[in-house]
Amino acid sequence: MRVKVLLDNILVYEGDILNIPIKNEAIISKSMELFGDDDPCIIHQSYVVKDLLTPIIDYLEGKESFKPKDYSQWDFLDFESGFEISVL
Amino acid sequence: MKSIYLDHAATTGVSEAVRESMEPYFKESFGNPSSLHSFGIPNRKIINESRVSISQMLECEQEEIFFTSSGSESINWAIKGTASAYPDKRKIISTKIEHHATLHTLDYLEALGYDISYVNVDEFGFVDLKHLDSLLCSNTLLVSIIYANNEIGTIQNIHAISQIVKQHNCFLHLDAVQALCHIPFSIRNLNVDLISFSGHKFHAPKGVGLLYKRKTNRIDPLIHGGDQEYGHRAGTENVAFIKGIETALREGLHHLEEYQNRLNSYSKYVINALNDNNIDFRLNGPSIDSRLPGHLSLAFRDLDGHDISFQLNRHGFALSTTSACDSKSILPSHVLRAINVDKDYIKGTIRISFGLNNTMDEVVLFTDKLIELLKKVH
Numbered sequence: 003m004r005v006k007v008l009l010d011n012i013l014v015y016e017g018d019i020l021n022i023p024i025k026n027e028a029i030i031s032k033s034m035e036l037f038g039d040d041d042p043c044i045i046h047q048s049y050v051v052k053d054l055l056t057p058i059i060d061y062l063e064g065k066e067s068f069k070p071k072d073y074s075q076w077d078f079l080d081f082e083s084g085f086e087i088s089v090l
Numbered sequence: 029m030k031s032i033y034l035d036h037a038a039t040t041g042v043s044e045a046v047r048e049s050m051e052p053y054f055k056e057s058f059g060n061p062s063s064l065h066s067f068g069i070p071n072r073k074i075i076n077e078s079r080v081s082i083s084q085m086l087e088c089e090q091e092e093i094f095f096t097s098s099g100s101e102s103i104n105w106a107i108k109g110t111a112s113a114y115p116d117k118r119k120i121i122s123t124k125i126e127h128h129a130t131l132h133t134l135d136y137l138e139a140l141g142y143d144i145s146y147v148n149v150d151e152f153g154f155v156d157l158k159h160l161d162s163l164l165c166s167n168t169l170l171v172s173i174i175y176a177n178n179e180i181g182t183i184q185n186i187h188a189i190s191q192i193v194k195q196h197n198c199f200l201h202l203d204a205v206q207a208l209c210h211i212p213f214s215i216r217n218l219n220v221d222l223i224s225f226s227g228h229k230f231h232a233p234k235g236v237g238l239l240y241k242r243k244t245n246r247i248d249p250l251i252h253g254g255d256q257e258y259g260h261r262a263g264t265e266n267v268a269f270i271k272g273i274e275t276a277l278r279e280g281l282h283h284l285e286e287y288q289n290r291l292n293s294y295s296k297y298v299i300n301a302l303n304d305n306n307i308d309f310r311l312n313g314p315s316i317d318s319r320l321p322g323h324l325s326l327a328f329r330d331l332d333g334h335d336i337s338f339q340l341n342r343h344g345f346a347l348s349t350t351s352a353c354d355s356k357s358i359l360p361s362h363v364l365r366a367i368n369v370d371k372d373y374i375k376g377t378i379r380i381s382f383g384l385n386n387t388m389d390e391v392v393l394f395t396d397k398l399i400e401l402l403k404k405v406h
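Protein chains in written order, with my numbering: chain H, 3 to 90; chain C, 29 to 406.
Hints listed in this document are in silico derivations from the structure and should not be mistaken for laboratory results.
Every residue, glycine too, gets a C-beta built ideally from N, C-alpha and C.
A hint or two may mislead.
Unchecked claim - Straight-line distance between alpha carbons at most 27 Å, and here's what the computed BS3-like set of lysine-lysine pairs gives:
no., chain 1, residue 1, chain 2, residue 2
1, C, Lys-234, C, Lys-124
2, C, Lys-158, H, Lys-52
3, C, Lys-30, H, Lys-6
4, C, Lys-108, H, Lys-52
5, C, Lys-371, C, Lys-296
6, C, Lys-371, H, Lys-65
7, C, Lys-73, C, Lys-124
8, C, Lys-234, C, Lys-73
9, H, Lys-52, H, Lys-6
10, C, Lys-73, H, Lys-52
11, C, Lys-403, C, Lys-371
12, C, Lys-73, H, Lys-69
13, H, Lys-65, C, Lys-108
14, C, Lys-403, H, Lys-52
15, H, Lys-52, C, Lys-397
16, C, Lys-73, C, Lys-30
17, C, Lys-108, C, Lys-296
18, C, Lys-296, C, Lys-73
19, C, Lys-108, H, Lys-32
20, H, Lys-25, H, Lys-69
What the hints assert, rightly or not - For each label pair, taking beta carbons as the anchor points, the in silico distance ranges come out as:
no., chain 1, residue 1, chain 2, residue 2, range
21, C, Asn-148, H, Asp-10, 37 to 47 Å
22, H, Tyr-61, C, Met-388, 29 to 39 Å
23, H, Ser-31, C, Tyr-114, 52 to 62 Å
24, H, Tyr-61, C, His-406, 43 to 53 Å
25, C, Asp-116, H, Asn-21, 48 to 58 Å
26, C, Gly-41, H, Asn-11, 51 to 61 Å
27, C, Glu-286, H, Ser-74, 53 to 63 Å
Can you make the complete structure from the sequences, with help from the hints?
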């Protein structure tokens, strides 16, 4: 799924949703939750990223865009609050 | 959501009969088998009887069976123990599609100065017999071959391989971890010198394996200490797991024919359904008739096997991308690279390995979901 991310009408990301910028501490935190591992290998990191992004991907199925009401829920994404993700 | 396990080549669960057979040895029958009292003596008898039973089922002699902690230990022991016992010969031959237990053991020996050669395999993973013959020489100590491949399901023609190896008076070791209880097995008919097995691939617990060693051949121990296992492997025996692997082997061989037929029908169902739905895919390894029952390595064009596996797992289907032990690397597996899987397909590989307890209803559910996901991404 290719997406673009706008923040205050400025393009901050465009590409595959699985490559969207995610905060490193969020990956480590999720890796600890899933694997008990604070130094995940590349395959575990890739799994963690998919797991974090799944709710957004599910939401975007059949929709054009995603603009959260509560940005604290999505603070693992490496963007400032106020972003909007659109499907390309 | 019910989870459906389709990763039996990675491991299997302990069966109820196996669990029951092991239970006494965790609690009341805890004695050391080497102790000469009422706690130890019955456990010595259990080990001896299990060894006799296993040797009868596998058609060899009881002193040719050794209990180990895993398939990896058996493989390490077979290769390093033979190399140590016969130091005059310094060449070992294997393939590039072995499990890492073999490949990394050979790397270790190569660093010690051994000459390691790899025989070619074809696009299905079958050993090139002419190449094997050309590699063998008077300095060759051992040939080590994976009997049934964990990643692509290829079952080697061991009779043909053995015939060539024996013409050159070399030892032949088989990694039969994926073979036992999945295809018919008789050591007497194979004419090999060493065979490694792992219990957890056929419903025994993790942590127990077997090594067959022809009694006329020497092997040096890996683990030194007490006189257990005819003085060849020190350490107090794991009575519960030894009883467990004996029970699992008996059960596995009992229903082998039904198991093979049923799992082959599952594999054929999946392949036919993918073809009927015009899915662009390749079956890595040979056709259903020449591969492990219920084992499918499927490669999908321009897709990522990890993504497919992740999505299927979200819907309750547990399967693998490559062998479980390979998960430190995100590169396509060494086995898929060795058989030259097309570059457009190699990254889109998933491994499905059906097992004893899977039903046709589960196979249909899985296939429907797989096809639905594939159609969506295309």
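Comparing the hints with the structure gives:
Distance restraint check for Lys-234(C) and Lys-124(C): the Cα-Cα separation of roughly 26 Å lies within the 27 Å cut-off, and the hinted pair is therefore satisfied. At most 27 Å may separate the alpha-carbon atoms for a hinted pair to count; Lys-158(C) and Lys-52(H) exceed this at roughly 46 Å. A distance of roughly 36 Å separates the Cα atoms of Lys-30(C) and Lys-6(H); the hinted pair therefore is violated under the 27 Å criterion. Between Lys-108(C) and Lys-52(H) the alpha-carbon distance is near 42 Å, which puts this suggested pair outside the 27 Å criterion.
At roughly 25 Å between alpha-carbon atoms, Lys-371(C) and Lys-296(C) fall within 27 Å of each other, so this suggested pair holds. Only pairs whose Cα atoms come within 27 Å are accepted, and Lys-371(C) paired with Lys-65(H) is rejected, the gap being roughly 33 Å. The suggested pairing of Lys-73(C) with Lys-124(C) is violated, with an alpha-carbon distance near 42 Å, which exceeds 27 Å. For the proposed pair Lys-234(C) and Lys-73(C), the alpha carbon gap of about 23 Å is at most 27 Å, so the pair holds.
Pair hint Lys-52(H) plus Lys-6(H) holds up; C-alpha atoms about 18 Å apart against a cutoff of 27 Å. Of the pairs offered as hints, the one joining Lys-73(C) and Lys-52(H) is violated, with about 53 Å between alpha carbons and a cut-off of 27 Å exceeded. Under the criterion of a C-alpha separation no larger than 27 Å, the hint pairing Lys-403(C) with Lys-371(C) is consistent with the structure, at around 21 Å. Of the supplied pair hints, the one linking Lys-73(C) and Lys-69(H) is violated, its CA atoms being roughly 70 Å apart against a limit of 27 Å.
Among the hinted pairs, Lys-65(H) with Lys-108(C) is inconsistent with the structure: their alpha-carbon atoms are about 60 Å apart, more than 27 Å. For the given pair, Lys-403(C) sits about 20 Å from Lys-52(H) by alpha-carbon distance, which is consistent with the 27 Å threshold. Straight-line distance between C-alpha atoms of Lys-52(H) and Lys-397(C) comes to about 19 Å, which keeps the hinted pair within the 27 Å bound. In summary, the hint linking Lys-73(C) to Lys-30(C) is not supported, as the alpha carbons are separated by about 42 Å, beyond the 27 Å threshold.
The suggested pairing of Lys-108(C) with Lys-296(C) is violated, with an alpha-carbon distance near 40 Å, which exceeds 27 Å. For the suggested pair Lys-296(C) and Lys-73(C), the alpha carbons sit about 45 Å apart, so the restraint of at most 27 Å is broken. Of the pairs offered as hints, the one joining Lys-108(C) and Lys-32(H) is violated, with about 41 Å between alpha carbons and a cut-off of 27 Å exceeded. Distance check on the hinted pair: Lys-25(H) and Lys-69(H) sit about 19 Å apart at the alpha-carbon level, within 27 Å; holds.
For Asn-148(C) and Asp-10(H), the hinted distance range of 37 to 47 Å is not satisfied, since their beta carbons lie about 60 Å from each other. The supplied range of 29 to 39 Å is met by Tyr-61(H) and Met-388(C), whose beta-carbon atoms lie about 35 Å from each other. At roughly 53 Å, the beta-carbon separation of Ser-31(H) and Tyr-114(C) lies within the given 52 to 62 Å, and the hint holds. Taking the beta carbon of each, Tyr-61(H) and His-406(C) are about 22 Å apart, not inside 43 to 53 Å as hinted.
The beta-carbon spacing between Asp-116(C) and Asn-21(H), approximately 56 Å, falls within the hinted interval of 48 to 58 Å. Distance hint check for Gly-41(C) and Asn-11(H): the Cβ-Cβ separation is about 55 Å, which falls inside the suggested range of 51 to 61 Å. Evaluation of the 53 to 63 Å hint for Glu-286(C) and Ser-74(H) yields a pass: the beta carbon distance comes to about 56 Å.
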